[in-house]
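*Asks:* Based on the provided sequences and hints, a complete structural model is requested.
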Amino acid sequence: MSVSDYERVPEIGSAVLRPGLTDRLERMWETRPGIRGWFATVDHKRIGIRYIVTAFAFLIAGGLESLIFRLQLAGPNLRLLTPEQYDQLFTMHGMTMIFLYAGPVLTGFSNYLWPLLLGARDMALPRINALSYWIYVCAGIFLYAAFAAGFGPNDGWFNYVPYAARAYNGGPNVDFYALGMILLGISTTVGAVNFVVTFLRLRAPGMSIDRVPILAWGTLTASAANIFAIPAVSLAFFLLWLDRNAGTHFFDATTGGEALLWQHLFWMFGHPWVYAIVLPAMGMVSDGLPVFCRRPLVGYSMVALATVATMVLGFGVWVHHMFATGLPSVSLSFFSAASIIIAVPSAVGVFAWIATIWYGRPVFTTAFLFFASFIVLFTVGGVSGYMTGSLPVDWQLTDTYFIVAHIHYVLIGINVFPVAGAAYFWFPKITGRMLDERLGRWNFWTMFVGFNVGFFPMHLSGLLGMPRRVYTYADGMGWNGLNLITTLGSYVFAVGVLLLIINIVSSYRRGRPAGDNPWDSPTLEWATTSPPPPYNFAVIPTVASRHPLWEGRLGEPDTQQRSSLKAGFLLDHGRETLGTTALEAEPDLILKMPADSYTPVILAMSLTILFTGLVLHIGWLAVAGALAAAADTIAWTWPERSLGQTAGAADA
Amino acid sequence: MGGMPDAGPSVDTLISVFDAAAPLNFLSGHGDRADPVVALTFGVLLVSVAVVAIITLLLGAAIWRRPGIAAQPPGTRLSLEPAAGGQRWIGIGVGVSAFVLLLSVLWTMQVLATVASPAAPAALTIEITGHQWWWQVRYLSDDPARAFVTANEISIPAGRPVRFRLIGADVIHSFWVPALFGKTDLIPGQINTTWLEARRPGVYSGQCTEYCGVEHAHMGFSVIALPEQEFTAWWDRQLRSPAESDAAPASAGNIAFTTHCGSCHAVRGTPSAGILGPDLSHLMTRRTLAAGTLPNDSANLVRFIADPQAAKPGSMMPRPDISARELADIRAYLATLN
Numbered sequence: 001m002s003v004s005d006y007e008r009v010p011e012i013g014s015a016v017l018r019p020g021l022t023d024r025l026e027r028m029w030e031t032r033p034g035i036r037g038w039f040a041t042v043d044h045k046r047i048g049i050r051y052i053v054t055a056f057a058f059l060i061a062g063g064l065e066s067l068i069f070r071l072q073l074a075g076p077n078l079r080l081l082t083p084e085q086y087d088q089l090f091t092m093h094g095m096t097m098i099f100l101y102a103g104p105v106l107t108g109f110s111n112y113l114w115p116l117l118l119g120a121r122d123m124a125l126p127r128i129n130a131l132s133y134w135i136y137v138c139a140g141i142f143l144y145a146a147f148a149a150g151f152g153p154n155d156g157w158f159n160y161v162p163y164a165a166r167a168y169n170g171g172p173n174v175d176f177y178a179l180g181m182i183l184l185g186i187s188t189t190v191g192a193v194n195f196v197v198t199f200l201r202l203r204a205p206g207m208s209i210d211r212v213p214i215l216a217w218g219t220l221t222a223s224a225a226n227i228f229a230i231p232a233v234s235l236a237f238f239l240l241w242l243d244r245n246a247g248t249h250f251f252d253a254t255t256g257g258e259a260l261l262w263q264h265l266f267w268m269f270g271h272p273w274v275y276a277i278v279l280p281a282m283g284m285v286s287d288g289l290p291v292f293c294r295r296p297l298v299g300y301s302m303v304a305l306a307t308v309a310t311m312v313l314g315f316g317v318w319v320h321h322m323f324a325t326g327l328p329s330v331s332l333s334f335f336s337a338a339s340i341i342i343a344v345p346s347a348v349g350v351f352a353w354i355a356t357i358w359y360g361r362p363v364f365t366t367a368f369l370f371f372a373s374f375i376v377l378f379t380v381g382g383v384s385g386y387m388t389g390s391l392p393v394d395w396q397l398t399d400t401y402f403i404v405a406h407i408h409y410v411l412i413g414i415n416v417f418p419v420a421g422a423a424y425f426w427f428p429k430i431t432g433r434m435l436d437e438r439l440g441r442w443n444f445w446t447m448f449v450g451f452n453v454g455f456f457p458m459h460l461s462g463l464l465g466m467p468r469r470v471y472t473y474a475d476g477m478g479w480n481g482l483n484l485i486t487t488l489g490s491y492v493f494a495v496g497v498l499l500l501i502i503n504i505v506s507s508y509r510r511g512r513p514a515g516d517n518p519w520d521s522p523t524l525e526w527a528t529t530s531p532p533p534p535y536n537f538a539v540i541p542t543v544a545s546r547h548p549l550w551e552g553r554l555g556e557p558d559t560q561q562r563s564s565l566k567a568g569f570l571l572d573h574g575r576e577t578l579g580t581t582a583l584e585a586e587p588d589l590i591l592k593m594p595a596d597s598y599t600p601v602i603l604a605m606s607l608t609i610l611f612t613g614l615v616l617h618i619g620w621l622a623v624a625g626a627l628a629a630a631a632d633t634i635a636w637t638w639p640e641r642s643l644g645q646t647a648g649a650a651d652a
Numbered sequence: 653m654g655g656m657p658d659a660g661p662s663v664d665t666l667i668s669v670f671d672a673a674a675p676l677n678f679l680s681g682h683g684d685r686a687d688p689v690v691a692l693t694f695g696v697l698l699v700s701v702a703v704v705a706i707i708t709l710l711l712g713a714a715i716w717r718r719p720g721i722a723a724q725p726p727g728t729r730l731s732l733e734p735a736a737g738g739q740r741w742i743g744i745g746v747g748v749s750a751f752v753l754l755l756s757v758l759w760t761m762q763v764l765a766t767v768a769s770p771a772a773p774a775a776l777t778i779e780i781t782g783h784q785w786w787w788q789v790r791y792l793s794d795d796p797a798r799a800f801v802t803a804n805e806i807s808i809p810a811g812r813p814v815r816f817r818l819i820g821a822d823v824i825h826s827f828w829v830p831a832l833f834g835k836t837d838l839i840p841g842q843i844n845t846t847w848l849e850a851r852r853p854g855v856y857s858g859q860c861t862e863y864c865g866v867e868h869a870h871m872g873f874s875v876i877a878l879p880e881q882e883f884t885a886w887w888d889r890q891l892r893s894p895a896e897s898d899a900a901p902a903s904a905g906n907i908a909f910t911t912h913c914g915s916c917h918a919v920r921g922t923p924s925a926g927i928l929g930p931d932l933s934h935l936m937t938r939r940t941l942a943a944g945t946l947p948n949d950s951a952n953l954v955r956f957i958a959d960p961q962a963a964k965p966g967s968m969m970p971r972p973d974i975s976a977r978e979l980a981d982i983r984a985y986l987a988t989l990n
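So the sequence lines, in the order shown, correspond to chains Y and R.
At position 508 of the first sequence (counting the first as 1) the number is 508 in our numbering, and the numbers step up by one without a gap.
With the second sequence counted from 1, adding 652 to any position gets you our numbering.
A portion of the hints provided could be inaccurate.
[To be verified] If you want the ones that stay clear, here's a sample from chain R, every Cβ over 12 Å from chain Y, calculated: (1) 791; (2) 953; (3) 984.
[As the list claims (entries may be wrong)] Ranges of calculated distance between the beta carbons of each label pair, as one might list FRET restraints: (4) R:971 with Y:441: 55 to 65 Å; (5) R:736 with Y:583: 20 to 30 Å; (6) R:694 with Y:583: 45 to 55 Å; (7) R:713 with Y:210: 26 to 36 Å; (8) R:817 with Y:167: 19 to 29 Å; (9) R:691 with Y:586: 52 to 62 Å; (10) Y:330 with R:698: 25 to 35 Å.
[As the list claims (entries may be wrong)] Far from chain R, some chain Y residues (derived; all Cβ distances over 10 Å): (11) 22; (12) 31; (13) 250; (14) 453; (15) 519; (16) 586.
Honestly, the hints are just simulated from the structure, not real lab data.
Note that the Cβ used here is the ideal one computed from N, Cα and C, for glycine as well.
*Replies:* So, in structure tokens, the structure goes:
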């Protein structure tokens, strides 16, 4: 491969006219079989599937934790768990669901889908992609190892100081949480950078930014937000770790520190993060729902803009988590108004989805049921958020079960339900087989009924004053019946999730063959085979509309230009994909893509060793981890001929 | 409803039944500061219920407006609907939503202004310090001889606004009396203030609502609103030292208490002057033990002292190293603290 390879004008052709093209591409892009390939692969599809499977494993773990403590709360004064056990369980549950499930599962879907949606052969930074996954799984193991050893985080996922300080929380529990979160932050940050670069540079020629699927908008927005938000929380956890281990006092009021500093840093991250773990899921609905309404989404541009607007406003509302901290009312009132007004862009989505159904013709698939029911759950979670946005009302609502209801309608309603719908929608693309629709109905209705029976009563127990995070409660408070119903409902909901998993496992082997485009969908991922080949597309498609696969069927004028899916840039001189301009997606340059490599997994493991050394105070282990990470980084960035990074071999 | 002073007696009866069934509810206000918030809460709750109902109806209508398609066999190409139409939905829907949201903001700001400070000057200031897991209550007075400390039960004069200074001793706690107003945190390193007013005499439950460690669940308190004269009498009585008893078990218990309990607990006018645990002067006038964990009766008192970790596992109070005899003596002594 030569440097001048970058400068060539790529040939245009099609697989039909080039016998042997697909075989050659297959050889260039395929992952080596066996354990070596498993650790080295940079294929976004494999990484995406791993992300989804790992996130589901954490969903199960977090779910089991809640099923245990819901038993304790089923009636008053129950003593199944000690307070310390209860505290670790509710902390692990929140931490797992918010950080190890909700974010990563969307990253997984986006990882798998983005290059297919955008008409590229991989993500822009494939090795970074692998690194992002490996660090995520290492951070998850790091945190669960602590839990297994009895040192799980125990101060809630929000980890307020001073309770998190060494004086009140002497064990290593909080140290594990702090370092685990910093580790996970690296994964999220590098993953976010990858999505932003991919969005800006790897869209198929012709896919100007007004033709990009909404899922891509959602993930782009979430990723851009993460790049700004993660530093705040990583810094906060680092300062806390210093306070606990190096004798600093950033958060210690007795020596001039500030307890509220933690809350500001945490929620400056925490609130944008909530949007980051729902916007891509809303994007899934915006792309998936119209397919089952047999028409394009109503108000594409407004929905895309609303996505971005939500995120921008989302950076200006963090203080609504701190309404009771005694900040001056005047400054609180600004955040209160912002927290109410942020509902405006959400309304755009709701009315766009309903209008899409209204002006379409619904097809009652399981995916449709999940997407359509999501609209109601989204609305319930939205209005309870609107109520808490009103400052005087929130002074009453905050830290009651009303907020627990709100967060679950948001995270289950706007994340889990779209993800379940997305599983039914994209499983055929990922595996080549359909999920069973009959089991799907049972799956949907069990989840929907179980969820609402379980979580709706929490609104009421909140209004009746039940505080959050109590390991037990007294009789005679008016909460007994509601809590029993909540526990029963949560078990029904768990059965629903189990049915989804059963459907996935059994259909993976025995599902009906799907074909390339089982739902007659309009976007590029359905233009390739199911499952897609390692190189995604034999030629890079050229796009002329938002719905390349529906062209000619939407009543548009015949004169309109058509997308070209079978003929396009060949790019078969090694691993290559096309770089395009940021706004108009005009062909710009050839991108050489890196081959499989062990450097990402080794870097992730080295960093984990470093963090393990730090948390256990084993100096030599930390140094060994740091040295290994440094050496691996050098190996990673060493110039490679196949990427044209060495000048000497111009004509090799 | 508490927010409407003119409501008839039957409504009052309903409210008191509701309050008895759910003592921490905040849907029935019982004071000047609570009432506007109750009205606003019902307002935004009504808007919320209406929005969910409207959206659900629209969604249902959209789904069942025309016969849908039951299923889609893989690979079938169902016909497509024209891409036109629907933009007005977004325009109208967002327009109406934005209008309602703006009104909500205005109402919110109006309530904020109303509850910011009491109409009349505060009758007194009480300093609350949150500890893991109990409440220290200090009555401030310009006359140092009238200041005193108690714990977990806060008496106030009914019908008069009372100001609170809130201090966090160790970790963050939150001070909440739902019938009278929302929460304010007690944060180490800063002093927050709030005020409450109880329209009528009564007992109003309170609870810590910021997660503060293993016994966060057992960190309750009560606000007891008394008629003005009773309140003054109560204060006067609190200032008195306990009457020395010469009766056998109580006097022995006095000594045992000083030995085993006095370095953490205080009883005014005695050598017991500890500050790590709740002040126990006039313990017998309190309704509950261990920050609302147990009703204050003789059996519970003995049970709790014998093994605090059973009723309140994780409590800072260790199992005291005392004999059964000493326990009985201490109980007899505590019974004199009225």
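*Asks:* All hints are to be evaluated individually against the structure, with a verdict given for each.
*Replies:* Status of the hints after comparison with the structure:
1. 791: holds, 22 Å
2. 953: Given that every Cβ of chain Y is farther than 12 Å from that of residue 953 of chain R, nearest at about 18 Å, it holds.
3. 984: Nearest chain Y Cβ is 28 Å from residue 984 of chain R, so the label holds.
4. R:971 with Y:441: 55 to 65 Å: Since the Cβ atoms of residue 971 of chain R and residue 441 of chain Y sit about 57 Å apart, the hinted range of 55 to 65 Å holds.
5. R:736 with Y:583: 20 to 30 Å: At 27 Å between Cβs, range holds.
6. R:694 with Y:583: 45 to 55 Å: Given about 49 Å between the Cβ atoms, the range holds.
7. R:713 with Y:210: 26 to 36 Å: Because 31 Å falls inside the window, the suggested range holds.
8. R:817 with Y:167: 19 to 29 Å: Cβ of residue 817 of chain R to Cβ of residue 167 of chain Y: about 24 Å, so the range 19 to 29 Å holds.
9. R:691 with Y:586: 52 to 62 Å: 59 Å Cβ-Cβ, so the 52 to 62 Å window holds.
10. Y:330 with R:698: 25 to 35 Å: Check passed, 28 Å falls within 25 to 35 Å.
11. 22: Holds: least Cβ distance 22 Å, greater than 10 Å.
12. 31: Per Cβ check, residue 31 of chain Y is outside 10 Å of chain R; nearest 28 Å; holds.
13. 250: holds, 12 Å
14. 453: holds, 16 Å
15. 519: violated, 6 Å
16. 586: holds, 26 Å
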